[in-house]
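Colleague: Sequence:
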Amino acid sequence: MSEMIKQPARETEVAREQEPQERRRSALRPAVDIYERDHALHLVADLPGVTADALTIEVNDNVLTLEGEIRLAMPEGAMALYAELRGQRFLRRFTLSHEIDGEAIEARLSDGVLHLRLPKKESHRPRRIGVQVA
Numbered sequence: 073m074s075e076m077i078k079q080p081a082r083e084t085e086v087a088r089e090q091e092p093q094e095r096r097r098s099a100l101r102p103a104v105d106i107y108e109r110d111h112a113l114h115l116v117a118d119l120p121g122v123t124a125d126a127l128t129i130e131v132n133d134n135v136l137t138l139e140g141e142i143r144l145a146m147p148e149g150a151m152a153l154y155a156e157l158r159g160q161r162f163l164r165r166f167t168l169s170h171e172i173d174g175e176a177i178e179a180r181l182s183d184g185v186l187h188l189r190l191p192k193k194e195s196h197r198p199r200r201i202g203v204q205v206a
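Under our numbering, the residues of the sequence shown are numbered 73 to 206, in order.
Possibly wrong hints are sitting among the right ones.
What the hints assert, rightly or not - So the derived label-pair ranges between C-beta atoms look like this: (1) 125 x 189: 19 to 27 Å; (2) 184 x 134: 36 to 44 Å; (3) 182 x 98: 24 to 32 Å; (4) 200 x 156: 47 to 55 Å; (5) 153 x 103: 23 to 31 Å; (6) 108 x 148: 28 to 36 Å; (7) 151 x 184: 20 to 28 Å; (8) 200 x 178: 23 to 31 Å.
For the record, the hints were derived by calculation from the structure and aren't laboratory data.
We treat Cβ as the ideally placed atom computed from N, Cα and C, and that holds for glycine.
Please put together the full structure from these sequences, using the hints given.
Modeller: What follows is the structure in structure tokens.
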């Protein structure tokens, strides 16, 4: 599994990002869990304060990018006195293996938790070969 999805090397990350350095620094890296089940990788990311319309998920050149703007709902007229989140957005990138079918990725966001299903290509799934008696 470690070969199917990994953090890009620092040089790769810097080369691929076309945004100002200040914007990159202000982004938070969400906590992520990755596990394998049912011929797919499953990625679970904690994105508190991010709604579906403020979330962007892209695959470009086998790089999966998760980016979400934090929108904390405050009652009208109220102002936060203390906030645990110091950034305005989340950003995380992963390099995908050639085994992952980038066209079949599924995403679901529920209560600030993003669930991604990254299925393996058919050609990389195990298959049983029948034996014929001669």
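Colleague: Does each hint hold? Answer for all of them.
Modeller: Here is how each hint holds up against the structure:
1. Distance hint check: the CB atoms of residue 125 and residue 189 are about 21 Å apart, consistent with the given range 19 to 27 Å.
2. The hinted window of 36 to 44 Å between residue 184 and residue 134 is violated, with their beta carbons roughly 27 Å apart.
3. For residue 182 paired with residue 98, a C-beta distance near 26 Å keeps the hint of 24 to 32 Å intact.
4. Checked against the hint of 47 to 55 Å, the pair residue 200 and residue 156 passes, with Cβ atoms roughly 50 Å apart.
5. For residue 153 and residue 103, the hinted distance range of 23 to 31 Å is satisfied, since their beta carbons lie about 25 Å from each other.
6. Evaluation of the 28 to 36 Å hint for residue 108 and residue 148 yields a failure: the beta carbon distance comes to about 45 Å.
7. Checking the proposed 20 to 28 Å range against residue 151 and residue 184 shows it holds: the Cβ atoms sit about 22 Å from each other.
8. Checked against the hint of 23 to 31 Å, the pair residue 200 and residue 178 passes, with Cβ atoms roughly 26 Å apart.
This entry does not satisfy hints 2, 6, going by the numbered hints stated previously.
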